[in-house]
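Peer 1: The listed protein sequences correspond, in order, to chains R and Y.
My numbering numbers the first residue of the first sequence as 1 and each following residue consecutively.
My numbering numbers the first residue of the second sequence as 1 and each following residue consecutively.
Because the hints were derived from the structure by calculation, they are not lab data.
One thing to keep in mind: the hints can contain errors.
Because identical chains share one entry, a pair is satisfied inside a single copy or across any pair of copies.
25 Å max Cα-Cα, derived SDA-like pairs, lysine to any residue [as the list claims (entries may be wrong)]: (1) K69 / G190; (2) K69 / A16; (3) K69 / T202; (4) K52 / D154; (5) K52 / E265; (6) K46 / A16; (7) K69 / D246; (8) K69 / D142; (9) K69 / D177; (10) K52 / D3; (11) K69 / E221; (12) K69 / P203; (13) K46 / G113; (14) K52 / H266.
The model shown is predicted, which means the values in this text are computed figures rather than measured ones.
Residues per chain are reported as follows:
2 protein chains.
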Amino acid sequence: MSDRFSFNQATANRWAIPDLVAGCVDAGVTRVGLWREQVADFGLEKTAALVKDAGIEVTSLCRGGFFSKPEWYEENRRAIEEARVLGAPVLVLVSGGLPPGSRDIDAARRHVGDAVGRLVPAAVEAGVQLAIEPLHPMFASDRCVVSSLGQALDLAAPYPAEAVGVVVDTYHLWWDDAVWAQIARAGREGRIACFQAADWITPLPEGVLLGRALPGEGCVELRRFRAAVDAAGYTGPVEVEVFHADLWARPGAEILAATIAAYREHVA
Amino acid sequence: MSDRFSFNQATANRWAIPDLVAGCVDAGVTRVGLWREQVADFGLEKTAALVKDAGIEVTSLCRGGFFSKPEWYEENRRAIEEARVLGAPVLVLVSGGLPPGSRDIDAARRHVGDAVGRLVPAAVEAGVQLAIEPLHPMFASDRCVVSSLGQALDLAAPYPAEAVGVVVDTYHLWWDDAVWAQIARAGREGRIACFQAADWITPLPEGVLLGRALPGEGCVELRRFRAAVDAAGYTGPVEVEVFHADLWARPGAEILAATIAAYREHVA
Chain R
1 MSDRFSFNQA TANRWAIPDL VAGCVDAGVT RVGLWREQVA DFGLEKTAAL
51 VKDAGIEVTS LCRGGFFSKP EWYEENRRAI EEARVLGAPV LVLVSGGLPP
101 GSRDIDAARR HVGDAVGRLV PAAVEAGVQL AIEPLHPMFA SDRCVVSSLG
151 QALDLAAPYP AEAVGVVVDT YHLWWDDAVW AQIARAGREG RIACFQAADW
201 ITPLPEGVLL GRALPGEGCV ELRRFRAAVD AAGYTGPVEV EVFHADLWAR
251 PGAEILAATI AAYREHVA
Chain Y
1 MSDRFSFNQA TANRWAIPDL VAGCVDAGVT RVGLWREQVA DFGLEKTAAL
51 VKDAGIEVTS LCRGGFFSKP EWYEENRRAI EEARVLGAPV LVLVSGGLPP
101 GSRDIDAARR HVGDAVGRLV PAAVEAGVQL AIEPLHPMFA SDRCVVSSLG
151 QALDLAAPYP AEAVGVVVDT YHLWWDDAVW AQIARAGREG RIACFQAADW
201 ITPLPEGVLL GRALPGEGCV ELRRFRAAVD AAGYTGPVEV EVFHADLWAR
251 PGAEILAATI AAYREHVA
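All chains should be modelled from the sequences, with the hints used to inform the complete structure.
Peer 2: The following block contains the structure:
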């Protein structure tokens, strides 16, 4: 595929890295988004060599962040280094939720900004852009205190755009009537580091993490999002990233084929 | 209780109306928020007579809205009339989600504003204030397209404040960093019709409707919310409204006692 499609590996999270790479080559897919856990399972250097030999570009590495954990600094330094080794230009940061027992979301959000700032020198040195990802507000307490694109841009604002960008993920942002203006702002500020597409369906499952759908199965105006990031000057890859238990149960090659078809029909 | 506490009946939703009223009298509670289904089960006129004889004030009726349904107009006219008969000064409006098959959330939101406008004359005539309730964005597709207090205020803006107000519910709004400014705005515009308190806990259950907690059990800065509505000039009742399967399984009087205790410690 010569267009902008990138297959985020979380969409087929039981597909081992060698099978994923072979499957992408077979399907003509030249871009993937990778996850640290799966990369670590197969081996960082081995993964880097495998994707390079296969002519596959790693569009992003998920994920750093989780700044509510005491060990956040060392953990994120490792994540930046892994992104560098993989040749991933972008490290996605999911900020983490409230510290245990805390009700102070303002303080948690300020801490995210400060923590990102402390990582900037290492990111610049590695040539990796940190990408703050706002997650849907239903994750605000336990997974990500950054809940809107505007908030992510405010947190990124003190730092150079080449060091700190944002992720625009349709699943997390579709409900927000300010998102169109904030996408335009993100473009003006040169901060759209990554664009991810997934669709919204209900009912949400217990824990709400695995409720996403392939493009076209839900209610998100996906093509409007793609047109908006395009209009904002974004020319990078379009990752499709879907978490759903039923999807994960299917064979990897089948998931990839379904994802490509859904992308072509509803996003591209 | 001589303070502002109001017991929303959804917190003990298996408690039949006569038991609820007797339980409130026993506990010295003089204010309740009622729900249309339970009122209909016991009988509208009977409920109105019962609460009046018991010296109990109905602070709100839940709920009108659901403007995505074809029969929304007649349904809401009935709800306004029921509020009038009960002496409830406020009818809570949950807007409804997207129409079946639709992805046009902007249109759905505009329709909410138009629909509320069509109900204004009946509301004014009945002496009932319509209260647009923003629900958490996790309900945006299937229950309520109004997702923030600012959005609710924008929808209410064309109409007189005595006819159209908003609900400030801590459970739905706690994640929003704009909420403090919007509460101040709501106060300036005279539109805080109802203040409801519930706490946020995780993991969310399947369907996410029954995941709320009693004040103090979660991460919401409840007293900050109460202070904010007070500072905005709101002097009305403070309803505690919690939906949780485990809570509902307990005897009504026990739920009421736990709710009063939680209110006193974490909200009042």
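Peer 1: Now, for every hint given, state plainly whether the structure supports it.
Peer 2: Comparing the hints with the structure gives:
1. In this assembly of identical chains, K69 and G190 lie within 25 Å of each other by CA distance neither inside one copy nor across copies; the values are 29 Å within and 43 Å between.
2. In this homomeric assembly, K69 and A16 never come within 25 Å of each other (Cα to Cα): the closest approach is 28 Å inside a single copy and 46 Å across copies.
3. For the homomeric pair K69 and T202, the shortest alpha-carbon distance between copies (18 Å) is at most 25 Å, but the shortest distance inside one copy (31 Å) is not.
4. Taking the shortest alpha-carbon separations for K52 and D154, neither the intra-copy value of 36 Å nor the inter-copy value of 52 Å comes in at or below 25 Å.
5. Taking the shortest Cα distances, K52 and E265 never come within 25 Å of each other, neither inside one copy (29 Å) nor across copies (60 Å).
6. Taking the closest pair of Cα atoms, K46 and A16 come within 25 Å of each other only inside a single copy of the chain (13 Å); across copies the shortest separation is 65 Å, beyond that limit.
7. In this homomeric assembly, K69 and D246 never come within 25 Å of each other (Cα to Cα): the closest approach is 31 Å inside a single copy and 31 Å across copies.
8. Taking the shortest alpha-carbon separations for K69 and D142, only the intra-copy value of 12 Å comes in at or below 25 Å, while the best inter-copy value is 34 Å.
9. Within a single copy, K69 and D177 get their C-alpha atoms only as close as 32 Å, which misses the 25 Å cut-off; across copies the closest is 22 Å, which meets it.
10. Proximity of K52 and D3 under a CA criterion of 25 Å is satisfied intra-copy only: 19 Å inside one chain copy versus 69 Å between copies.
11. In this homomeric assembly, K69 and E221 come within 25 Å of each other (Cα to Cα) only across copies, at 22 Å, whereas the closest approach inside a single copy is 35 Å.
12. With identical chains, the CA atoms of K69 and P203 are at most 25 Å apart between copies only, with a shortest distance of 19 Å across copies and 31 Å within one.
13. Within a single copy, K46 and G113 get their C-alpha atoms no closer than 33 Å, and across copies no closer than 57 Å, so neither meets the 25 Å cut-off.
14. For the identical chains of this complex, K52 and H266 are neighbours neither inside a copy (30 Å) nor across copies (57 Å), given an alpha-carbon limit of 25 Å.
When the structure is compared with the earlier hints, violations turn up for hints 1, 2, 4, 5, 7, 13 and 14 and for no others.
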